[in-house]
Amino acid sequence: MFGLPLSTFLLVFGFPLFWILYTIGFLLLSRSWERDGEER
Amino acid sequence: MNATVIAFLVLYYVVVLGIGFWAMRQGASEDLEGFLLGGRDVGPLVTALTLQSTSMSGYMFLGAGSLAYTTGYWSLWFAAGDIGGGVLNLSVIGRRMRKLSQVMGSLTAIEYLEGRYPSSATRLIAASLSVFLLAFYVLAQFIAGGKGMALVTGLDYSWALLIALSIIIIYTFLGGYLAVAYTDFFQSLVMIVGVVWILAAALAHVGGFTAANHALAAIDPTILSIWGRGLGFEGQWGVVAGAVLVFSAGYMGWPHVVTRHMAMRRPATARLAGAYATGWNLLFVSSPYLVGILAILILPSLDDPELALIEVARTLLPPAATGIVMAAIMAAIMSTADSLLLQTGSIASRDLYERFINPKASERQMVLVSRLLILAIGVIGYFVALVEPPAVAFVVIFATSVLGSAFAPAFVCAVWWKKANTPGAIASMVAGAVTSVAWELAGLATATTLAPVTAGLAASTLAIVVVSLATQNMSPVPKHILGAMEETARVGPIPEEMPAMFDFTLRPEAEEIESMIREGKK
Numbered sequence: 001m002f003g004l005p006l007s008t009f010l011l012v013f014g015f016p017l018f019w020i021l022y023t024i025g026f027l028l029l030s031r032s033w034e035r036d037g038e039e040r
Numbered sequence: 001m002n003a004t005v006i007a008f009l010v011l012y013y014v015v016v017l018g019i020g021f022w023a024m025r026q027g028a029s030e031d032l033e034g035f036l037l038g039g040r041d042v043g044p045l046v047t048a049l050t051l052q053s054t055s056m057s058g059y060m061f062l063g064a065g066s067l068a069y070t071t072g073y074w075s076l077w078f079a080a081g082d083i084g085g086g087v088l089n090l091s092v093i094g095r096r097m098r099k100l101s102q103v104m105g106s107l108t109a110i111e112y113l114e115g116r117y118p119s120s121a122t123r124l125i126a127a128s129l130s131v132f133l134l135a136f137y138v139l140a141q142f143i144a145g146g147k148g149m150a151l152v153t154g155l156d157y158s159w160a161l162l163i164a165l166s167i168i169i170i171y172t173f174l175g176g177y178l179a180v181a182y183t184d185f186f187q188s189l190v191m192i193v194g195v196v197w198i199l200a201a202a203l204a205h206v207g208g209f210t211a212a213n214h215a216l217a218a219i220d221p222t223i224l225s226i227w228g229r230g231l232g233f234e235g236q237w238g239v240v241a242g243a244v245l246v247f248s249a250g251y252m253g254w255p256h257v258v259t260r261h262m263a264m265r266r267p268a269t270a271r272l273a274g275a276y277a278t279g280w281n282l283l284f285v286s287s288p289y290l291v292g293i294l295a296i297l298i299l300p301s302l303d304d305p306e307l308a309l310i311e312v313a314r315t316l317l318p319p320a321a322t323g324i325v326m327a328a329i330m331a332a333i334m335s336t337a338d339s340l341l342l343q344t345g346s347i348a349s350r351d352l353y354e355r356f357i358n359p360k361a362s363e364r365q366m367v368l369v370s371r372l373l374i375l376a377i378g379v380i381g382y383f384v385a386l387v388e389p390p391a392v393a394f395v396v397i398f399a400t401s402v403l404g405s406a407f408a409p410a411f412v413c414a415v416w417w418k419k420a421n422t423p424g425a426i427a428s429m430v431a432g433a434v435t436s437v438a439w440e441l442a443g444l445a446t447a448t449t450l451a452p453v454t455a456g457l458a459a460s461t462l463a464i465v466v467v468s469l470a471t472q473n474m475s476p477v478p479k480h481i482l483g484a485m486e487e488t489a490r491v492g493p494i495p496e497e498m499p500a501m502f503d504f505t506l507r508p509e510a511e512e513i514e515s516m517i518r519e520g521k522k
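Protein chains in written order, with my numbering: chain A, 1 to 40; chain B, 1 to 522.
So here's chain A without its partners, still in its complex pose (with noise of 0.2 Å):
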């Protein structure tokens, strides 16, 4: 892909993936949090 190795695509590209698919699963997993609310 691209031209590169198979090992280097996966770094490229796959660390951006993994990264942007833990973004997603905080923001499901944390929804409750906005019950925090104000406190000042």
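Incorrect hints may appear among the rest.
From chain B, some residues computed to sit far from chain A (all C-beta separations above 10 Å) [claimed, not checked]:
id : residue
1  : S120
2  : D156
3  : I170
4  : W197
5  : A211
6  : I219
7  : I357
8  : K360
Pulled a few chain A residues facing chain B out of the computed Cβ check, cut under 8 Å [to be verified]:
id : residue
9  : G3
10 : L4
11 : S7
12 : L11
13 : V12
14 : F15
15 : P16
16 : I20
17 : Y22
18 : F26
19 : L27
20 : S30
21 : W33
22 : E34
23 : D36
To be clear, the hints were calculated from the coordinates, so they are not data collected in a lab. Even for Gly, the Cβ is constructed at its ideal location relative to N, Cα and C.
Could you slot chain B onto chain A? The hints should help.
Same frame as chain A, now just chain B:
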């Protein structure tokens, strides 16, 4: 010297200083909480972008390009961890640290550590380590600023360094945290525009991404390898782990970065800030490395690889665009340097001066001490950067490796592990710092194929677990801290009576009364 480039740089400095003045007029530095944490009123977008632009320093434009130019695609291991550094930090400790710091009334990251791991030794060790390492780290920013400005403006390095350094110090003085956060926000946008512009120009010049990789393979196929040019890192998973960890997990131990959590408007601000951080990183983080790799094709015989990005910009872009790119480079440098300076000043005034030298210091005196130290670092930094400037990449990777090794387990366990106690945290900070420094100085990374940050993080994590468990009876975690941790874990507003339990101004008296009661019982 190109007039258009200079005009853009001047425009950039005017805008940055204007934002600094505006922040000052908002009353940011009227009291210490305002000066150090912007009154804990920073929203998710500004939190995310100040977090990211603070951590992306001059290293990204000088060090990253140099690393990529010399090692090829191997350098992308650093980007692999870095892309998720923001969201990892915010998701693991962001919400809890915001809440616990408010309960404890902590204004600096070090004060927070002392509140959670109560002992003056915690603060003394943490503050001393931080002041030294952050000052060392800021030195790299001065060098990067001087080098970049000298190349683009044609000024002598000593004058370029003096101008860059003066501007950084002036606007750090202006409004404290709020000035830093809002200028960081503006600078993060400039950084994105600058780096994407160079990458687009470089890709267009070499005929696209695939064509560039074919051309690189024709020069040396190992440039494309994940093991580095000449396969210099083949099978060295410990070094690879270090490259991934230093800007991801290690990032949770940088005091000037985790302070951003304490300044958030609400604990839940961490959610959206995490999403913004990932979005920004996806655009920004890999780009300098890719430009560094493409520079192998565009400028095959560079004398100083640290100038790869700047030289590519000068070669391919029109003067106006080079001016914007140069502003982006200065933005990366200055957005980190101001935060480092502010944090170092805060730690020196609040954690060393007030705590150990003048407990009755007024807020005005502490702001003065903070500003004097910033000035002193600037003067010392100027002469070190002038006489014997070390490589930017080396200084940044070394300083961040030691910071991450020393503090990441202590910050993570502070909110997640109730058994983490004072002896465990102190042992962890000392073990992490000593191991990572010794690893670097003794050259053990090559012999063991383990990066200093990998060894340092392993040592500090092991130390906090083993020592905390071994000293549970001798030094249990105080009940009011366990209560605060339970409150921190719970999602909901903080009860009004909770923060009073951690009143720092009453602590010496409370300790005295407690010891009198103990002695009375005997």
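Status of each hint after checking the structure:
1. No Cβ of chain A comes within 10 Å of the Cβ of B/S120; the nearest lies about 29 Å off, and the non-interface call holds.
2. Remark: the non-interface label on B/D156 is consistent with the geometry, its nearest Cβ contact in chain A lying 40 Å away (cut-off 10 Å).
3. No beta-carbon of chain A comes within 10 Å of the beta-carbon of B/I170; the shortest separation is about 31 Å.
4. For B/W197, the shortest C-beta to C-beta distance to chain A comes to about 20 Å, beyond the 10 Å cut-off, and the non-interface label holds.
5. Chain A draws B/A211 into its interface by the beta-carbon criterion, the shortest separation being 8 Å against a cut-off of 10 Å.
6. Chain A leaves B/I219 outside its interface by the beta-carbon criterion, the shortest separation being 13 Å against a cut-off of 10 Å.
7. Non-interface status of B/I357 relative to chain A is upheld: no Cβ of that chain comes within 10 Å, the nearest being about 32 Å off.
8. With 10 Å as the threshold on Cβ separation, the claim that B/K360 sits away from chain A holds: the shortest Cβ distance comes to roughly 28 Å.
9. The criterion of a C-beta within 8 Å of any C-beta in chain B is met by A/G3, whose closest approach is roughly 3 Å, and the hint holds.
10. Residue-level restraint check for A/L4 holds (minimum Cβ-Cβ distance to chain B is 6 Å; threshold 8 Å).
11. Because the smallest distance between the Cβ of A/S7 and any Cβ of chain B comes to about 5 Å, under 8 Å, the interface hint for this residue holds.
12. Hint status for A/L11 relative to chain B: holds, with the closest Cβ pair at about 5 Å, below 8 Å.
13. A cut of 8 Å between beta carbons decides the hint on A/V12: the least distance to chain B is about 6 Å, and the hint holds.
14. Annotation: interface hint on A/F15 holds; nearest CB of chain B at approximately 4 Å, less than 8 Å.
15. With 8 Å as the threshold, the beta carbon of A/P16 comes within range of chain B, its nearest partner Cβ sitting at about 6 Å, so the hint holds.
16. Hint status for A/I20 relative to chain B: holds, with the closest Cβ pair at about 7 Å, below 8 Å.
17. Annotation: A/Y22 was flagged as interfacial toward chain B, and the flag holds, the nearest CB pair being 6 Å apart, inside 8 Å.
18. Checking A/F26 against chain B by beta carbon gives a least distance of about 5 Å; that is within 8 Å, so the hint holds.
19. Hint status for A/L27: holds, given a least beta-carbon distance of 6 Å to chain B, under 8 Å.
20. This hint holds: A/S30 has a C-beta 5 Å from the nearest C-beta of chain B, less than the 8 Å allowed.
21. Taken as an interface hint, A/W33 checks out: its beta carbon lies about 4 Å from the nearest beta carbon of chain B, inside 8 Å.
22. A hinted interface residue such as A/E34 counts as satisfied when its beta carbon comes closer than 8 Å to some beta carbon of chain B; here the least separation is about 5 Å, so the hint holds.
23. With its C-beta approaching chain B no nearer than about 4 Å, A/D36 sits inside the 8 Å limit, and its interface hint holds.
Violation of the numbered hints given earlier is confined to hint 5; every other hint is satisfied by the structure.
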